[in-house]
Structure formats: structure tokens, C-alpha cells
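A.B. asks: Next come the chains, spelled out residue by residue.
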Amino acid sequence: MSAIVDLPPTRPASAAQRPGFFQRLFADYGQELVVLAAIVALFVVVTMVNPRFISANNLTTIFSGNAYIAVAAIGMAMVIITGHIDVSVGALIGVLATISGTLAVAGYPVWIAWLAPVLVGMAVNACIGILVAYARIPSIVVTLGALSIMRGGLISVTGGTWITNLPPDFLIAQKSVFGLPVPLVFMVVLTVAAALWMRYSAFGRSLYAIGGNAEAALATGIPVERRTVAVFIIHGAFAGLATILFATQLQVIQSTVPPNLELTVITAAVIGGVSILGGSGTVIGSTLATILFATIGSALIFVNVSAYWLRAVIGLLILATVLADMLRRRGRI
Amino acid sequence: MTAAPYVSLTGMSKSFVGVKALKDVSFDVRPGEVHALLGENGAGKSTLIKMMSGLYSPDAGTITVDGREVRFASTRDASAAGIATVYQELLLFPELTVAENVFLGNYPRRPGGWIDWSEVRTRTRALLDQLDTFDLDVDAKVLTLSVAQRQRVEIAKALSKNARILIMDEPTASLVEADVQRLMAVVRQLRERGVGIVYVSHRMPEIFALADRVTVLRDGGYVATRDIGEVDEAALVSMMVGRPIDSLFPKADAKIGDTVLEVKNLNHGRHVQDISFSLRRGEILGVAGLVGSGRTELALTLFGMTPATSGEIVLEGRTVAITSPRQARDLGIAYVPEDRGQQGLVKQMAIRKNVSMASIERLSAGIFIKAGEEAQRALDAVKRLSVRCRNIGQPVGELSGGNQQKVVIAKWLETNPKVLILDEPTRGVDVGAKAEIHTIMGELVKQGVAILMISSELPEVLGMSDRVLVISGGRLTGEIDRADATPERVGMAMTAHQSGEAA
Chain A
2 MSAIVDLPPT RPASAAQRPG FFQRLFADYG QELVVLAAIV ALFVVVTMVN
52 PRFISANNLT TIFSGNAYIA VAAIGMAMVI ITGHIDVSVG ALIGVLATIS
102 GTLAVAGYPV WIAWLAPVLV GMAVNACIGI LVAYARIPSI VVTLGALSIM
152 RGGLISVTGG TWITNLPPDF LIAQKSVFGL PVPLVFMVVL TVAAALWMRY
202 SAFGRSLYAI GGNAEAALAT GIPVERRTVA VFIIHGAFAG LATILFATQL
252 QVIQSTVPPN LELTVITAAV IGGVSILGGS GTVIGSTLAT ILFATIGSAL
302 IFVNVSAYWL RAVIGLLILA TVLADMLRRR GRI
Chain C
11 MTAAPYVSLT GMSKSFVGVK ALKDVSFDVR PGEVHALLGE NGAGKSTLIK
61 MMSGLYSPDA GTITVDGREV RFASTRDASA AGIATVYQEL LLFPELTVAE
111 NVFLGNYPRR PGGWIDWSEV RTRTRALLDQ LDTFDLDVDA KVLTLSVAQR
161 QRVEIAKALS KNARILIMDE PTASLVEADV QRLMAVVRQL RERGVGIVYV
211 SHRMPEIFAL ADRVTVLRDG GYVATRDIGE VDEAALVSMM VGRPIDSLFP
261 KADAKIGDTV LEVKNLNHGR HVQDISFSLR RGEILGVAGL VGSGRTELAL
311 TLFGMTPATS GEIVLEGRTV AITSPRQARD LGIAYVPEDR GQQGLVKQMA
361 IRKNVSMASI ERLSAGIFIK AGEEAQRALD AVKRLSVRCR NIGQPVGELS
411 GGNQQKVVIA KWLETNPKVL ILDEPTRGVD VGAKAEIHTI MGELVKQGVA
461 ILMISSELPE VLGMSDRVLV ISGGRLTGEI DRADATPERV GMAMTAHQSG
511 EAA
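Quick note, the sequences are listed as chains A and C, same order. Numbered per this note's numbering, the first sequence spans residues 2 to 334. Numbered per this note's numbering, the second sequence spans residues 11 to 513.
The set of hints was computed from the structure by calculation and includes no laboratory data. One or more of the hints may lead you astray.
Derived contacts from chain C toward chain A, CB cut-off under 7 Å, selection only [said to hold, decoys possible]:
#, residue
1, 329
2, 330
3, 341
4, 342
5, 352
6, 370
7, 371
8, 375
Note that beta-carbon positions come from the ideal geometry of N, C-alpha and C, so glycine has one too.
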């Protein structure tokens with residue numbers, strides 16, 4: 002069916018073939034394997050120092066307590082792969098959590114309180130995506146603006162008060178399914194689904210193409226603007242899902258989300274192997290990196306080192322990862 | 011012509027991480043000769059040049075200068091021995107003036123260590139005058155100069171160090187025709203003055219016009235050195251490629267069928283003005299024109315990158331409005347761009363993914379890509395177009411120019427185009443791959459594809475086209491049948507209207 006051209010064999014014909022399984026594994030998941038190895042090594046070492054490290058209680062803290070970060074990092078990874086960035090996601094989660102909690106306290110059915118942050122997240126990010134794609138304002142500028150608007154607006158509206166008296170039905174992050182904590186299930190299911198979609202769908206492929214070379218993507222018939230808006234909307238949905246976990250993990254909702262949440266989320270994506278220049282990386286990497294941070298944070302406590310070192314260690318990891326990325330690119334092109 | 015060589019390299023070998031880049035190559039340059047160095051990309055030319063200019067040190071082999079064996083530890087040593095290099099990517103400082111660049115690192119001093127600027131300027135002036143470059147201001151910043159002028163500055167810089175040997179690496183690759191002629195005059199003049207010149211180029215006419223001797227390398231090995239009178243173009247090409255190439259432009263006899271594309275009074279801005287033509291199945295329609303004449307803009311308008319502001323495009327009898335590349339693609343129009351790195355490829359992506367990029371929706375079942383079929387198609391494409399690569403998982407950025415171009419073509423063949431627009435299909439591609447791309451074009455027209463080929467290489471336009479469109483100042487200034495297409499007629503049309511259109 003396709004136009005077929007057969008050239009006469011010329012020089013020693015290229016022995017072109019499919020790359021082998023391990024070759025593909027290392028080429029596609031190099032950074033992910035490194036992060037995974039680091040997690041395993043950390044568990045082994047810290048457990049030898051303090052066996053309580055692998056108690057069920059601590060594992061729940063590590064995996065479930067940080068699952069919302071991993072979920073938000075999935076959307077962030079997609080945005081960065083497409084060649085953009087979003088520094089407003091922390092503020093967005095704060096706004097969405099307040100909306101969700103307010104609805105729950107006001108007596109609306111819990112499913113509405115859960116659905117609302119997802120829909121509002123998509124709507125907010127649709128606006129961001131349109132400004133980035135069609136008005137061609139750099140995403141860092143648009144999202145810096147959005148960050149200020151949302152953070153300032155939230156404090157003004159709530160006056161910094163906490164939302165209390167949340168109905169017990171609402172607190173889904175504290176429940177279990179099949180004996181597994183809900184946040185862990187969210188994290189794993191969403192990561193796997195997003196990873197498959199990014200790797201095996203035409204849509205996912207187009208995001209890598211846009212991040213790798215937007216001009217070539219456009220000249221190949223990929224609707225770059227539409228895809229850009231779409232990836233921001235999807236990122237908004239993941240921020241909404243992350244909000245559900247964040248807002249329901251405690252008995253109260255603070256209007257101040259963890260400071261630097263957006264940076265933690267971006268860092269997870271980058272350390273997980275998503276190139277800050279766009280075009281490469283996976284959501285598996287961002288989730289593994291989130292688990293790595295959580296493990297480091299917990300490990301520092303168990304070996305009696307101040308938790309403040311966590312940020313310093315993460316900072317070192319960022320620099321090392323970006324340096325490795327640059328070196329990889331230089332060797333290649 | 012039998013003066014003793016000034017520089018001789020004997021038995022040079024060099025490996026990079028286990029890969030032999032150069033195997034036992036010998037080469038010499040005599041004073042007052044132009045010695046052309048020929049070979050395909052990857053043949054070892056740059057490695058050899060870099061050893062001659064002190065950038066690489068050889069694993070084996072000896073270099074003698076003026077009869078004495080030497081060892082270059084750095085480019086400084088080579089420069090002191092009288093060997094200077096003008097690289098393809100010019101190494102000048104754009105923010106400094108011409109004079110500052112020429113004597114950089116080598117400034118004449120006054121007592122007390124102060125730079126003698128008036129001396130710098132006077133001597134730069136003298137050097138440029140020697141190169142018949144009277145029109146170049148020594149106080150102009152280099153960033154304001156054209157490529158040809160910058161090259162002249164590089165040559166002056168080499169002469170300021172009393173170079174006995176000047177290595178020129180593809181000096182005409184980015185020059186327009188008039189500048190090529192001036193450069194050739196400069197090269198001849200340097201030869202008269204006894205400078206030995208190593209001239210690396212892909213362009214045969216220049217080599218036959220300039221060179222006294224020619225050395226051919228292939229796959230890192232030495233093939234032969236000949237006096238230019240002993241060889242012809244076909245002989246050189248077959249030495250480079252390692253097999254005879256029947257014809258430089260294998261124009262296939264394809265049956266020309268019905269009209270596929272008809273363009274009526276197409277307009278976009280001032281680069282596409284009132285263009286009308288038709289294109290038939292199985293036909294190669296060449297588009298000739300000077301740089302900036304609007305040839306590429308015409309392609310971009312047809313492909314929907316810069317949609318037409320007025321006019322009509324009729325595809326297989328149906329009037330269509332093309333407003334985006336996606337739409338053009340879905341209508342069966344494909345565009346292989348002029349700048350493949352910029353618009354053709356995602357370099358860090360695997361060959362497989364680049365090949366499937368334009369046809370990915372068709373390769374999907376539901377939301378998922380059929381990975382097996384995708385890989386199989388990429389394998390077939392790599393085999394058919396003989397793309398030389400490790401495997402289909404290799405990032406395209408690692409391939410040579412010619413092989414990258416084949417991947418871009420493969421990507422578009424996957425869409426089964428009716429109309430294939432090729433913009434400079436063989437720019438920056440070596441001779442072997444060039445002939446292969448021409449063969450591919452021949453095969454495609456046999457199958458009924460209509461090709462619109464834009465090229466600034468006149469021999470390619472004349473050799474490959476069934477008809478030639480000539481564009482000048484955004485307007486059609488000629489439509490010439492193959493039989494009537496002579497360099498003179500096409501050249502005349504290329505410069506027509508130029509004075510009338512003061513755009």
C-alpha cells in the first residue's frame with residue numbers, strides 16, 4: 002500500500018534491526034532505573050541501621066503521605082515533556098482544596114466535593130494553556146502570574162483560616178481498598194495508566210515530538226497549539242486528583258499548602274529523568290523520584306539527621322541530574 | 011610542479027574510542043599548489059585536517075615540515091610551523107572589529123607592552139588589499155559582515171601569521187555563486203604567491219577549476235592521489251563511493267499522467283505573487299530561483315505553513331483551502347523541508363518514531379499505537395532507502411546528513427503522498443547519498459507520485475526535472491521544458507524582474 006522504493010544494495014547493507022530488550026530498557030528508562038536502585042539501596046542501608054524503618058507504619062507514611070505529590074508530578078511531567086513548565090500547581094492545589102473542603106462542609110454530596118477540584122483544575126489550566134499556546138506567552142510567565150493571583154486570592158478570601166469539621170465520608174485518603182491505603186492505589190493506578198498512555202498513544206507520542214522540536218512537529222502535521230492546551234488541561238485534572246488526596250489526608254484543610262510544593266513537584270519530574278528542555282522522560286520516573294524524596298526524608302529521621310538536610314540533598318540531586326542530562330545530550334547531538 | 015613538499019604526512023592513523031577514524035593515510039602539500047581533499051562524510055577528511063593543524067595528535071604516523079620531522083602538541087605549534095586553517099564554521103569574535111580579529115592573540119606592541127592599534131589597522135588593511143578586498147572596512151564589527159566577508163577575514167588572519175600552508179574546509183559550502191567566484195580568484199592568487207592550499211570540498215566544478223592534485227579518502231582509508239589532468243568527475247566519484255555510479259542524475263523515465271495539482275494566482279505576502287502552474291502524476295517539476303526569490307515561501311504556502319491570502323489550489327480536480335500543515339498532509343501533500351534539523355526531524359527521537367511521526371494516527375488502533383507494525387514499517391523503510399544506522403532505536407541526531415535526509419523522506423513516504431515537495435533535497439548530503447536520493451525520486455515518480463523539487467543547484471534542477479519553473483522576486487519568470495532547459499535560459503529567468511521589483 003505504501004510507496005515502495007527498492008534501492009540496489011550498495012555498500013555493506015546496514016544491518017538495521019530492532020534494538021534488543023535490554024538495550025531498549027536502558028535507553029528508555031536509564032534514569033528511572035538509577036532512581037529505583039537508589040530507593041532500594043536506601044531501604045537496605047537504613048533498615049540495617051534501624052530495622053523499624055520498614056515497619057508497616059513507616060511504609061504507609063512514606064508511600065501514602067506523599068502520594069498526592071506523585072499524582073501532581075504526573076501532570077507536571079507531561080507538561081515539561083511538551084517543553085513547558087508550570088510553577089503555579091502548588092497554589093492551584095491550595096485553591097482546589099479549599100473549594101473541595103468548603104463544599105464538603107456545606108453539606109454537598111462527597112462526590113461533588115471530589116469532582117469539583119478536578120473540573121475547576123481543568124478549567125483554570127485551560128486558561129493557562131490557551132495563553133501559552135495561542136497568545137504565545139512563555140509558560141513560565143503565565144504560570145508565575147497564575148501563582149500570584151491564586152496564592153494572593155486564596156489568602157484574601159479565606160483570611161488564612163482552616164477548614165474544620167470535615168465529614169468523615171469525605172476523608173477518602175484515610176480509607177483503604179483491598180487492604181491497601183487509597184492514596185497508594187491512586188498513585189500506582191494513575192502512574193501506570195499515564196505511563197502506558199504516554200508511551201503507546203499517538204497523543205503521548207505527539208507530546209514528546211512537540212517538546213523535542215515544536216517546529217518540526219508542526220511541519221509534520223501535529224496540531225501543536227491544540228495539544229499544548231490539552232496537556233495543560235490534563236495537568237489540571239491531575240492537580241485536581243492530587244487535591245482529593247491532599248485535602249482528605251488530615252481532619253482539617255489548611256489554606257497554606259506546603260510551601261514550595263510546586264518546586265517539589267517539578268523536582269520530582271526532573272530527578273525522575275524528565276528533561277527540563279523537553280522531549281524526554283517518563284511519568285514512571287517522576288513517581289519513583291517522589292518516592293525517593295519521601296524515603297530520604299524518612300531515612301534522615303531514622304538515622305537521626307535533621308530533616309532540614311532533605312532540601313539540601315534534593316538540591317544536590319537536581320544539579321547532578323540536570324548535569325547528567327546535559328552530558329547525555331552533548332554526547333548525542 | 012615538482013617542488014619538494016612543504017608538509018608531508020606519512021602513515022597517519024587515529025582511533026576514537028576503538029573506532030578507526032583514519033587508517034594509514036599519507037598526504038603531502040607542495041608550495042604553490044592546490045591539493046584537493048575529497049571523500050564522503052565520515053571518510054576521514056576532518057580527522058586528517060585536524061592532525062595537520064595540531065588539534066588531534068596521531069596514534070601512529072609522522073609529520074614532516076620542510077624536511078624535518080615534527081610533533082604538534084597544539085594548534086600553536088602548527089601555526090608556528092606555518093600551517094593555518096580556515097574552518098567551515100568560522101571562528102571569529104562577532105563583537106570585535108575586523109582588525110582586532112585578524113591580529114587577535116598576535117598583536118604588534120609598542121614599547122611598554124601597549125598594543126599598537128594604528129599598526130594593527132594598517133597591517134590589516136594591507137592584508138585585505140592583498141586579497142583584493144578593498145571594500146572591507148577594518149573597523150567594522152565582524153557581526154555586520156556577510157559570510158563571504160568573514161571568510162576573507164579568516165584568510166587575512168592566516169596570512170598575518172605568515173602561513174605557508176592554508177587548509178580550507180569546505181570554504182564554499184555557504185557562499186552564493188558570485189562569492190564563490192571571488193573566493194576562487196583569491197585561492198589562485200595565494201597559489202601564485204607560493205602558498206600551498208589544502209582544499210576540501212564536495213563541489214566538483216570547483217575542484218576541476220582549482221586543484222593541481224587531488225587525494226581521495228574513503229571510510230578512513232587512503233584511496234589514491236592523482237594529478238587533476240588524469241581524472242574526470244566520474245572517476246573521482248567512483249573513487250569516493252567505492253563503486254561506479256552510472257549517471258550523476260539518473261533521470262528515470264516515468265509515465266507522466268493526469269494533472270494532480272493545479273495552482274492558480276496564488277499569493278502570500280511579497281514572496282509569493284500571482285503564481286500559477288500545474289503538476290502532473292509522475293512528473294518532477296523543478297523550481298529554480300536565487301536565495302530569497304520566494305521558492306521556499308511557495309512551498310510553505312502550498313503546505314499550509316503560511317496559508318495563501320488569495321488564489322486557488324486544485325487537488326485532483328477539487329478546489330481545496332489549505333490552512334495548516336496537518337490539512338495539507340491529510341490531503342496527500344508532503345513537504346521535506348530545506349532545513350531538516352529545524353523542521354524535519356526530532357533529533358533526540360529514535361529513527362522508528364521519526365519515521366512514523368506523520369502517519370501515527372493511521373498506525374493506531376483505538377488510542378494505542380500498534381508498536382509491532384510501527385517497528386516493522388520503520389525497518390522496511392530503513393532497508394528500502396538504505397539508511398545506514400545501528401538499529402531503528404538509534405536517535406536520528408546521530409546519523410550523517412544524508413541518512414537524516416532519508417529518514418525525513420521515509421517519514422513522508424509513510425503518508426503515501428500524491429504530491430511530494432522536496433526543498434533542497436540534497437543540501438549538505440555527500441555524493442553517494444545524493445545519488446541514492448535521486449534514485450529514490452526516480453522510483454517515486456514511476457509509481458505516480460508528483461514531485462515538486464526546489465533546488466539552488468542548477469545541475470540538479472536541469473538533470474532531474476521534466477519541467478523547470480523559475481521564480482524571481484516572488485513571481486514566476488519562466489516555465490521551461492526539459493528539452494529547452496539550458497543553464498543560460500534558466501539563469502536568465504532567475505535574474506529577470508529583479509530590477510523591476512524593488513522589494
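A.B. asks: The structure should be examined with respect to each hint, and the outcome stated for every one.
C.D. replies: Structure-based check of each hint:
1. At about 21 Å, the closest approach between the beta carbon of residue 329(C) and any beta carbon in chain A exceeds 7 Å, and the interface hint on this residue is violated.
2. For residue 330(C), the suggested interface contact is broken, since its CB lies about 15 Å from the closest CB of chain A, more than 7 Å.
3. Given the 7 Å rule on beta carbons, the hint for residue 341(C) is violated: about 11 Å separates it from the nearest Cβ of chain A.
4. Because the beta carbon of residue 342(C) sits about 11 Å from the nearest beta carbon in chain A, more than 7 Å, this interface hint is broken.
5. Proximity of residue 352(C) to chain A holds as hinted, the smallest CB-CB distance being about 6 Å (cut-off 7 Å).
6. Contact between residue 370(C) and chain A, as hinted, is supported at the beta carbon level, the nearest pair being about 4 Å apart and thus within 7 Å.
7. About 6 Å separates the beta-carbon of residue 371(C) from the nearest beta-carbon of chain A, less than 7 Å, and the hint is met.
8. At its closest, the beta carbon of residue 375(C) sits 10 Å from a beta carbon of chain A; the interface hint therefore is violated under the 7 Å criterion.
When the structure is compared with the earlier hints, violations turn up for hints 1, 2, 3, 4, 8 and for no others.
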